[in-house]
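Q: Each chain is listed here by its residues.
2 protein chains.
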Amino acid sequence: MAKKRNAFYAQSGGVTAVINASACGVIETARKHKDRIGKLYAGRNGILGALEEDLIDTSKESAAAIAALRHTPSGAFGSARYKLKSLEANRAEYERLIEVFKAHDIGYFFYNGGGDSADTCLKVSQLSGAMGYPLQAIHVPKTVDNDLPITDCCPGFGSVAKYVATSIREAGFDVESMARTSTKVFVLEVMGRHAGWITAACGLASEAEGEAPHILLFPEIPFDQDRFIAKVEATVKRAGYCVIGVSEGLQTADGKFLSDAGLRDAFGHAQLGGVAPVIANLVREKLKLKYHWAVADYLQRAARHIASKTDVAQAYAVGKAAVELALKGHNAVMPAIVRKSSKPYKWSIGVADLAKVANVEKKMPRDFITTDGFHITAKCRTYLSPLIQGEDFPPFRNGLPRYVRLKNVAVPKKLGTPFKL
Amino acid sequence: MAKKRNAFYAQSGGVTAVINASACGVIETARKHKDRIGKLYAGRNGILGALEEDLIDTSKESAAAIAALRHTPSGAFGSARYKLKSLEANRAEYERLIEVFKAHDIGYFFYNGGGDSADTCLKVSQLSGAMGYPLQAIHVPKTVDNDLPITDCCPGFGSVAKYVATSIREAGFDVESMARTSTKVFVLEVMGRHAGWITAACGLASEAEGEAPHILLFPEIPFDQDRFIAKVEATVKRAGYCVIGVSEGLQTADGKFLSDAGLRDAFGHAQLGGVAPVIANLVREKLKLKYHWAVADYLQRAARHIASKTDVAQAYAVGKAAVELALKGHNAVMPAIVRKSSKPYKWSIGVADLAKVANVEKKMPRDFITTDGFHITAKCRTYLSPLIQGEDFPPFRNGLPRYVRLKNVAVPKKLGTPFKL
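So the protein lines, in turn, are chains A and B. For the first sequence, the residue numbers in my numbering are 1 to 421. For the second sequence, the residue numbers in my numbering are 1001 to 1421.
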């Protein structure tokens, strides 16, 4: 019989509405296998918790608290934007991880994140092998950007997609009903620095000809000011108003971000961020139309109240599968979502080799974007639509979603040696 | 028995998540009294529909379509930002209204809006009396700003309140979990040009000490940069992060809007709107902390998906009561929400004299804001909390809220004379 060993779980990068559902899947599944998995430790603030030997003992949390993770957004143990350098550049960091894992008899490493963390997970696996330390490293996919390869979609994306499509539909109704005497052009800025998946999801709101949004601006399509202005003008002329979804990563043909268009405050200080006001300002300047703009920012990725039931189920499933794969002896892999059919939507969990996942960014295929570059195609709709299906409302108390806060009890240190990040 | 006459309903000003629930209340109630109320006409684009004799025949809509108004945000017949001038300045406009009403035998005028429309409603009532035209004018309260007097709260506000409190709680969880290595300060801008009610509602999210939001910036409290920066610094030092809710109408002591702080684009053009980026920029400049900001804009007032059940019920109730008051012979009045108790929350519908409603703006009482000016008091919480109670999710189809679009069939013109606005 295999030796019983402890496990380590950490959250990485930008959090989502459902990354805790993955944590829930990992923890609940580990608890069902106490013969093989001893303690499940979580990293406080992600991988920093391992580097600093600041581990959280998840066994101190009640079954109810762990179950509540399924409906709680954000990272319950803290996440980190901390990219480990390459093995060559900073081998000490990787060795430190192994040292901490060794001190706490950690045999399973579950790393819940996007592309960078897949790469880290792979390197930890490789180094532990080279150092002769037995460790199974499993990556749990997560990213609102939906840019991981192999997996059909990424947990976290479906809920953002549902949020932005719902929000732009609602704002579209609002603007349409006021357009005669008020705002004619509305701009909603959504996330997506390099890939336009979230912007594309806005497009799901327009199910019939003429419905908002009318224009989508993708990072994959270089921004052409004249074509854009002409499109806005034609839309307002036809429909009376125009609703636009724009990616934060919108760029001009020479690779400049629109959001860095050089806004300055009265003192001449650069004003960072916000492509929506830049686009709105352009509309005002060129067409003299009344506009409004919104920037959803963190609201979109934290909006657990309007999460996709499909997304929640998949987030939980990849967490569960990660533990099951580890127990079956897998190493350096990632559970991946496999689409079996779109109509009706059927999916299962497969296994992806981490070497094929790390450092590959999946952008929108060109045939998911209309020829004119301003909207999504039917093919894109067929891909996206299943991902926002179903509602999974959290419980409410006092009129507000009731989210859980864990105790996050620290594990006594065994090394006690400080580590400088 | 009273003579059977037609009725006219119009939506005015900024739309809300529940103004259509009031329309639903008006129409469903009128349909129950066909012995007294003939046709119920709606103004296309609000009062413009009356001035231009562009009336909509609501009898062409099915019972199911009218029922669906209860869960559809925006203004189903179109609303207008159009303030009628004073009787002295433009008597012709009021006379035109009476002329159109007369042509279509309209004996009931239901006007669904905020302070300005209450004033218009009152003037129409007065003029019809002076002109000897029998008309009962009833105002149906609506405004996300919650600034109407007499009524305990305004339909539309409770749902925005629920949206902003939910959103800032979710964003707060997000920021807290990432603060160690990422964003330390998050700013959410909400509506409220003159009154801080919506900003106050953000405060409902912090039910326990230390929970987000940590700082609220009200239009009622002049912005003091040094005190604000000190507060942010102390909060980040204590909690590790700081979440701020700010009113779009935030002003300095000399009455200048922060949002007009003089942002300019690269060409020197003034950049309108957005107090959140101004506040965030200040934090960056003075404290060198990583920040993010969001501007909810129309998303907040259109967010029917997270509407307050209490708000929906009240919006419907004032619509219903308006028709019932008319049938009882009232004129120049407004149904008002009367709070009978806060714990448990009990309310009923009373009657307010329009002369006491028009042109009075209800700001936040000073004792609803903490002494330091940065948060809400327990008294404010007791007032606000009941207004966000209960969920009233719309039906969903294809993963998105299913909102109704009416046919909006035009009534044949009887005058046909053009009217220049």
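For the record, the hints were derived by calculation from the structure and aren't laboratory data. Since this is a predicted model, take the numbers as computed values, not measurements. Just to be clear, a hint being listed does not mean it is correct.
Example chain A residues on the side facing chain B (calculated, C-beta under 8 Å, incomplete) [said to hold, decoys possible]:
1) Leu48
2) Thr181
3) Ile349
Below, simulated DSSO-like cross-link-like pairs (lysine-lysine); rule was C-alpha separation at most 27 Å, straight line [as the list claims (entries may be wrong)]:
4) A/Lys288 - B/Lys1309
5) B/Lys1309 - A/Lys309
6) B/Lys1363 - B/Lys1039
Here a beta-carbon is modelled for each residue, glycine too, at the ideal position from N, C-alpha and C.
Q: All hints, please: hold or fail.
A: Now the hints, each set against the structure:
The closest approach between the C-beta of A/Leu48 and any C-beta of chain B is roughly 7 Å, which is under the 8 Å cut-off, so the hint is satisfied. Given the 8 Å rule on beta carbons, the hint for A/Thr181 holds: about 5 Å separates it from the nearest Cβ of chain B. Interface restraint check: A/Ile349 against chain B, minimum CB-CB distance 21 Å, threshold 8 Å, status violated. Taking the CA atoms of A/Lys288 and B/Lys1309, the gap is near 39 Å; set against the 27 Å cutoff, the hint is violated.
With a C-alpha separation of about 22 Å, the suggested pair B/Lys1309 and A/Lys309 falls inside the 27 Å cut-off, and the hint holds. Distance check on the hinted pair: B/Lys1363 and B/Lys1039 sit about 39 Å apart at the alpha-carbon level, beyond 27 Å; violated.
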